[in-house]
Amino acid sequence: MVKLVYFAWVRERIDKPEEELDVPAHVVTAGDLLAYLKTLGDGYAAALEYPDVIRVAINQEHVEHDEPIAGAREIGIFPPMTGG
Amino acid sequence: MTPPTPNIRVQSDDFDLQTEIDALTAGRTDIGAVVSFVGLCRGEQNTLSALELEHYPGMAEAEMRRIAELAIKRFDLMGLTAVHRYGKIAPGENIVLVIAASPHRQAAFDGANFVMDFLKTSAPFWKKEHGKDGKARDWVAAKDADDSARDKWE
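Chain order of the listed sequences is A and B.
The first sequence: position 13 = 13 (full-length UniProt numbering), numbered continuously.
The second sequence: position 86 = 86 (full-length UniProt numbering), numbered continuously.
Some hints could be false.
[Claimed, not checked] A few chain B positions that, by computed beta-carbon distances, are all more than 12 Å from chain A:
#, residue
1, E20
2, D22
3, G43
4, H130
5, A141
[As the list claims (entries may be wrong)] List of simulated lysine-lysine pairs, DSSO-like, C-alpha gap at most 27 Å:
#, chain 1, residue 1, chain 2, residue 2
6, B, K127, A, K3
7, A, K16, A, K3
8, B, K128, B, K143
9, A, K38, A, K3
10, A, K16, B, K128
11, B, K132, B, K152
12, B, K132, A, K38
13, B, K135, B, K88
14, A, K38, B, K128
15, B, K128, B, K88
16, B, K135, B, K152
17, A, K38, A, K16
18, B, K128, A, K3
19, B, K152, A, K16
20, A, K16, B, K73
21, A, K16, B, K88
22, A, K38, B, K152
23, B, K152, B, K88
24, B, K152, B, K73
25, B, K132, B, K88
[What the hints assert, rightly or not] For each label pair, taking beta carbons as the anchor points, the in silico distance ranges come out as:
#, chain 1, residue 1, chain 2, residue 2, range
26, B, N7, A, T39, 42 to 48 Å
27, A, D22, B, Q11, 50 to 56 Å
28, A, L21, B, S12, 29 to 35 Å
Simulated from the structure, these hints should not be mistaken for laboratory data.
Remember, predicted model here, so these are calculated numbers, not experimental data.
Glycine included, C-beta positions come from ideal geometry on N, C-alpha and C.
Same shape as in the complex, but just chain A (with noise of 0.2 Å):
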């Protein structure tokens, strides 16, 4: 089980700020990781649309797409970021 946690438009499509979920076997990577989520229904199809644009976050920490998950703790889903 991995937590997952939503933010900004990707939480409110999603409709939920967090959950604990089971990850198949063939998702490896957070690009697979997105491509999977994709498919578990409309919400999830709505926030990642366009899977480019989406910021993937392990363990709190910035990686690209083809990043392992393997061994994740907390993975955090978000757009990109419009602080400061």
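Given chain A, put chain B in place with the hints provided.
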């Protein structure tokens, strides 16, 4: 010499610029330059009632600290403070503060500039606009210009 530990805070409360500068320079005679940047909420031609700042608790602080430590190392800063607010912020109110201290002015200017450029593109904060009509409008879109500003430091 051990590099200074940056003062990093993520908070809903407002901050006071002079208090933060005083805290950074108290009792020191080796600092010759302090540069501060304060980012405020714009009213957008009086159409905005507030910006709502969302953040990733834990990661926001960690990422700000990582950026601050890079700046301290790169510009040999003597002190660095970075404060970012979250929650609803009205036009005219403060959003973000960066203060860099160094022996001479150039490093302090560059350090504060560097921290802001990286903070905008990699600290996990998001802004949502709330209109004067009481309705939530949209999430602020990320700007290519912010990526370019960051990339100039590479």
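Now for the hints, and whether the structure bears them out:
no.: 1; hint: E20; verdict: holds, 17 Å
no.: 2; hint: D22; verdict: holds, 24 Å
no.: 3; hint: G43; verdict: holds, 17 Å
no.: 4; hint: H130; verdict: holds, 14 Å
no.: 5; hint: A141; verdict: violated, 7 Å
no.: 6; hint: B:K127 x A:K3; verdict: holds, 24 Å
no.: 7; hint: A:K16 x A:K3; verdict: holds, 12 Å
no.: 8; hint: B:K128 x B:K143; verdict: holds, 15 Å
no.: 9; hint: A:K38 x A:K3; verdict: holds, 17 Å
no.: 10; hint: A:K16 x B:K128; verdict: holds, 17 Å
no.: 11; hint: B:K132 x B:K152; verdict: violated, 37 Å
no.: 12; hint: B:K132 x A:K38; verdict: violated, 35 Å
no.: 13; hint: B:K135 x B:K88; verdict: holds, 14 Å
no.: 14; hint: A:K38 x B:K128; verdict: holds, 24 Å
no.: 15; hint: B:K128 x B:K88; verdict: holds, 9 Å
no.: 16; hint: B:K135 x B:K152; verdict: violated, 38 Å
no.: 17; hint: A:K38 x A:K16; verdict: holds, 15 Å
no.: 18; hint: B:K128 x A:K3; verdict: holds, 25 Å
no.: 19; hint: B:K152 x A:K16; verdict: violated, 37 Å
no.: 20; hint: A:K16 x B:K73; verdict: violated, 39 Å
no.: 21; hint: A:K16 x B:K88; verdict: holds, 20 Å
no.: 22; hint: A:K38 x B:K152; verdict: violated, 35 Å
no.: 23; hint: B:K152 x B:K88; verdict: violated, 32 Å
no.: 24; hint: B:K152 x B:K73; verdict: holds, 18 Å
no.: 25; hint: B:K132 x B:K88; verdict: holds, 14 Å
no.: 26; hint: B:N7 x A:T39: 42 to 48 Å; verdict: holds, 45 Å
no.: 27; hint: A:D22 x B:Q11: 50 to 56 Å; verdict: violated, 36 Å
no.: 28; hint: A:L21 x B:S12: 29 to 35 Å; verdict: holds, 30 Å
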